[in-house]
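Engineer: So the sequence lines, in the order shown, correspond to chains G and Y. Numbered continuously in the numbering used here, the first sequence closes out at residue 117. Numbered continuously in the numbering used here, the second sequence closes out at residue 168.
A couple of the hints might just be wrong.
In the DSS-like style, the derived pairs of lysine-lysine whose C-alpha atoms are separated by at most 27 Å in a straight line are [unchecked claim]:
(1) Lys140(Y) - Lys18(G)
(2) Lys18(G) - Lys96(Y)
(3) Lys156(Y) - Lys106(G)
(4) Lys115(Y) - Lys106(G)
(5) Lys77(G) - Lys156(Y)
(6) Lys75(Y) - Lys18(G)
(7) Lys117(Y) - Lys18(G)
(8) Lys156(Y) - Lys81(G)
(9) Lys115(Y) - Lys140(Y)
(10) Lys73(G) - Lys65(Y)
(11) Lys65(Y) - Lys117(Y)
(12) Lys70(Y) - Lys106(G)
(13) Lys106(G) - Lys122(Y)
(14) Lys75(Y) - Lys80(G)
(15) Lys70(Y) - Lys110(Y)
(16) Lys75(Y) - Lys81(G)
(17) Lys75(Y) - Lys73(G)
(18) Lys18(G) - Lys65(Y)
(19) Lys80(G) - Lys96(Y)
(20) Lys106(G) - Lys117(Y)
(21) Lys77(G) - Lys75(Y)
(22) Lys110(Y) - Lys166(Y)
No wet-lab data here; the hints were simulated from the structure.
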Amino acid sequence: MARKPQENPKADLTPMIDVVFQLMIFFVVTIKQEDIFSKLNANRPAPNASSSQSESNDSQVRIDVGPGGLLLNGRSMSLREFDRNMKELSKTSKKATVLVRCTMNSPHRFLVNALDTCYKYEMYNVSIFSM
Amino acid sequence: MAKKPNLEDAALDMTPMIDVVFQLIIFFVVTLKMSDDKDDTIKLEDGKHGIVLTQEELPPSQLTIDVAKTGRVSISNITLTDKMLADKIKERKNKYGSDFPCMIRADHRTPHKYVANVMNVCAAVGVWKLSFVAIQEHKAK
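Kindly generate the complete structure, drawing on both the sequences and the hints.
Structural biologist: Printed below as a string of structure tokens:
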């Protein structure tokens, strides 16, 4: 007997809806938003280069990164003070060379803090030395 | 008379379901990144004023070196020795020149000696321009 074409006009949508809901739940549970990342550029002079090369240069800022925090031109200070002082320095010498000297046991976050502050005040000429 | 089971309806039209499933499989394959392509133990420090890393800032030439707080150095979650790292950087340098984006993704607690070691390896190979990855904005829960 020839099958009538109009016998089952309503297809059962239940399995499709099931699958779609399952997949929606999977998405909602597994997809996590990624953080937005930034990059902070700096120069690393060759290992045998010394930081005294440009010491005669007046417009240079010296940042020391120690295990306990930051020192700006030899003065120990909190992050807030550091930020304020860098702001002042950037007004007079935006093109200054920033020398960042890190001690071996200092945590990486202080170096990132120092670089971030340099970027904040548009001081992009940064070199990193290790002691 | 007992009603016979209606066998005519058993042949259900599966086409729309299969369509949807295939669409979703394609979506997964295209969008899902491999989750193990970076060291998940690394917690980055905030760097709100850095250059925002967009896809344009991540060309195929870029190299991201992960440094965990234990000092483990890895690229794409594969642990590397200094020699292997130097070879990897040399390979990039020969292919793209010394200005390729070389990024260090170090944990905020990593002692500087480990980061310094990676920087020294880069500098010894002739790559002096380095970038440090930080978090511009927190989105992850």
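Engineer: Against each hint, give a clear statement of whether it holds in the structure.
Structural biologist: Hint check results:
1. Lys140(Y) - Lys18(G): With Cα atoms ~33 Å apart, Lys140(Y) and Lys18(G) exceed 27 Å; violated.
2. Lys18(G) - Lys96(Y): Since the Cα atoms of Lys18(G) and Lys96(Y) sit roughly 24 Å apart, the hinted pair holds (cutoff 27 Å).
3. Lys156(Y) - Lys106(G): Given pair Lys156(Y), Lys106(G) holds - Cα atoms ~19 Å apart, limit 27 Å.
4. Lys115(Y) - Lys106(G): Given pair Lys115(Y), Lys106(G) is violated - Cα atoms ~33 Å apart, limit 27 Å.
5. Lys77(G) - Lys156(Y): This hinted pair holds, its Cα atoms lying about 26 Å apart.
6. Lys75(Y) - Lys18(G): 21 Å, holds
7. Lys117(Y) - Lys18(G): 35 Å, violated
8. Lys156(Y) - Lys81(G): 18 Å, holds
9. Lys115(Y) - Lys140(Y): With a Cα-Cα distance of about 21 Å, the restraint between Lys115(Y) and Lys140(Y) holds, given a limit of 27 Å.
10. Lys73(G) - Lys65(Y): Measuring from Cα to Cα gives roughly 36 Å; hence the hint is violated.
11. Lys65(Y) - Lys117(Y): Holds, because 21 Å separates the two Cα atoms, which is no more than 27 Å.
12. Lys70(Y) - Lys106(G): The hint holds at about 22 Å.
13. Lys106(G) - Lys122(Y): Status violated; Cα separation ~33 Å.
14. Lys75(Y) - Lys80(G): OK: Lys75(Y) and Lys80(G) at ~19 Å, within 27 Å.
15. Lys70(Y) - Lys110(Y): 26 Å, holds
16. Lys75(Y) - Lys81(G): Answer holds: Lys75(Y) to Lys81(G) is near 21 Å, not above 27 Å.
17. Lys75(Y) - Lys73(G): 16 Å, holds
18. Lys18(G) - Lys65(Y): 16 Å, holds
19. Lys80(G) - Lys96(Y): Distance of about 33 Å is beyond 27 Å: violated.
20. Lys106(G) - Lys117(Y): Distance of about 33 Å is beyond 27 Å: violated.
21. Lys77(G) - Lys75(Y): Between Lys77(G) and Lys75(Y) the Cα gap is close to 20 Å, so the pair holds against 27 Å.
22. Lys110(Y) - Lys166(Y): 36 Å, violated
Of the numbered hints given earlier, the model fails hints 1, 4, 7, 10, 13, 19, 20, 22; all others are met.
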